[in-house]
Amino acid sequence: MKLSLLSILLFSIILSCKGQNIDYSKVFLENPNSVSVVDSSHIFSTSENFELATKLVQYGEKTTRQIAVVTVDSISPYNDIQKYATDLGKYWGVGQNNLDNGLLIVLSKPLRKVAIATGFGTEKVLTDSICKQIIDSVMIPKFKTGDYYEGVNMGVDRLIIIWNTAK
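Converting from the sequence shown to this note's numbering requires adding 242 to each position, the first position being numbered 1.
There's no promise every hint is true.
Unchecked claim - Restraint-style ranges between C-beta atoms, simulated for each label pair: (1) Q375 x D322: 17 to 23 Å; (2) P319 x S289: 31 to 37 Å; (3) T296 x D389: 15 to 21 Å; (4) S316 x A408: 30 to 36 Å; (5) K366 x K304: 17 to 23 Å; (6) D322 x K366: 18 to 24 Å; (7) H284 x D399: 32 to 38 Å; (8) H284 x Q338: 27 to 33 Å; (9) K325 x K351: 18 to 24 Å; (10) T387 x T306: 32 to 38 Å; (11) K351 x I404: 24 to 30 Å; (12) L353 x T407: 28 to 34 Å.
Keep in mind that the hints were calculated from the coordinates and are not lab data. Even glycine gets a Cβ: it sits at the ideal position worked out from N, Cα and C.
With the hints as constraints, model all of the structure from the sequences given.
Dropping the structure here:
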């Protein structure tokens with residue numbers, strides 16, 4: 243009897259521990275396709291948005307690598323901005339499928355969080371450690387002075403330099 247009751251209890255627990263199903267179309271912004279900067283938080287001026295987008299598009303045309311920048315007010319239902327950025331990058335398809343050569347920067351000013359998500363191909367060069375170092379030493383110091391554009395712009399420049407020097 244004890245074994246039977248224990249079996250039923252374990253079975254019930256296992257059934258209740260299903261993975262969280264997320265409807266990404268309700269969580270994430272609509273896929274902008276060819277847009278490289280989606281400033282939904284309106285952090286950047288029109289000229290800053292244009293300059294950053296131009297830089298990212300030109301880099302993509304020259305190298306086939308894709309970089310996108312997104313600003314958001316919320317990452318709900320997520321708690322971890324890195325997981326949010328990774329899932330958003332996958333959902334949007336940043337980078338080329340066969341190369342996984344995409345990179346997505348997600349910035350949330352209200353949450354005071356930033357993340358860099360890389361495709362598997364990109365991650366070989368721009369490791370999590372390198373991305374964290376760029377966030378901590380380049381981007382966040384600028385964010386602390388309120389210069390979000392310069393923080394993102396300088397972070398992108400540093401990422402591009404490292405990416406370009408890789409073989």
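Supplied distance hint 24 to 30 Å, evaluated on CB atoms of K351 and I404: holds, 25 Å
Return holds or violated for the Cβ distance of T296 and D389 against the range 15 to 21 Å. holds, 19 Å
Check the following: the C-beta atoms of L353 and T407 are separated by a distance inside 28 to 34 Å. holds, 32 Å
Starting from the hint 17 to 23 Å, judge whether the C-beta atoms of K366 and K304 obey it. About 20 Å separates the Cβ atoms of K366 and K304, which means 17 to 23 Å holds.
If you check the beta carbons of Q375 and D322, does the distance land in 17 to 23 Å? Given a distance of about 19 Å, which is inside 17 to 23 Å, the answer is holds.
Look at the Cβ atoms of P319 and S289 and judge whether their distance stays inside 31 to 37 Å. Holds, since P319 and S289 (Cβ atoms, about 34 Å apart) stay within the stated range.
Within 18 to 24 Å: is that where the Cβ-Cβ distance between K325 and K351 falls? Check passed, 19 Å falls within 18 to 24 Å.
Can you let me know if the beta-carbon spacing of S316 and A408 is within 30 to 36 Å? holds, 34 Å
For the hint 32 to 38 Å, verify it against the beta carbon of H284 and that of D399. violated, 23 Å
Given a hinted range of 32 to 38 Å, is it respected by the beta-carbon distance of T387 and T306? For T387 and T306 the Cβ distance comes to about 35 Å; the hint holds.
Given the hint of 18 to 24 Å, is the C-beta distance from D322 to K366 inside that range or not? Given about 23 Å between the Cβ atoms, the range holds.
27 to 33 Å as the expected CB spacing between Q338 and H284, which holds or is violated: holds, 30 Å
Hint violations for this structure: number 7 only, all remaining hints satisfied.
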